[in-house]
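Q: Sequence:
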Amino acid sequence: MKLKTKTINLYITPGSFYFLFRRAQEGYDFNELSELRQLLSNEKAKLLNIIKSKSPESMYHLAKLSGRDFKSVKKDLAVLKRFGLIDFEHKEKGKRKMLKPVISIDKLQVNIDFT
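Here the sequence shown stands for residues 1399 to 1513, numbered as in the working numbering.
Treat the hints as calculated values from the structure; they're not laboratory data.
One should not assume that every hint holds.
[What the hints assert, rightly or not] Only pairs whose alpha carbons sit at most 16 Å apart, straight line, appear in this in silico EDC-like list of lysine to aspartate or glutamate:
(1) K1479 <-> D1504
(2) K1498 <-> E1455
(3) K1495 <-> E1455
(4) K1473 <-> E1441
(5) K1505 <-> D1485
(6) K1472 <-> D1485
(7) K1472 <-> E1441
(8) K1450 <-> D1467
Predicted model only: the values in this text are computed from it and were never measured.
I would like the entire structure built from these sequences, with the hints used as guidance.
A: So this is what it looks like as structure tokens:
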């Protein structure tokens, strides 16, 4: 089975950080280190760990497992999806429709280029 790797190249230029996601062919310009931290925050790392280890059935279940409010978890999941780290599986339980978060990569590689 082939591993799915998401590569982030971080280029340090005068006054800014520049991300390039190789697979998505999209560039993201980060002007401050705080913006980089938003993508790679401890809260998002905890969510990724819970998704991988406990396989929650829904975003609500993930919020309960993480001890965080649903709105914050939903916002963090939207960022993780935008950058291709997770996907959602559509599930139905009776009449209720749920989105199950699943990890879409096996490895995240961050390269920092100071040139």
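Q: All hints, please: hold or fail.
A: Tested hints:
no., hint, in the structure
1, K1479 <-> D1504, "15 Å, holds"
2, K1498 <-> E1455, "5 Å, holds"
3, K1495 <-> E1455, "11 Å, holds"
4, K1473 <-> E1441, "11 Å, holds"
5, K1505 <-> D1485, "15 Å, holds"
6, K1472 <-> D1485, "13 Å, holds"
7, K1472 <-> E1441, "12 Å, holds"
8, K1450 <-> D1467, "20 Å, violated"
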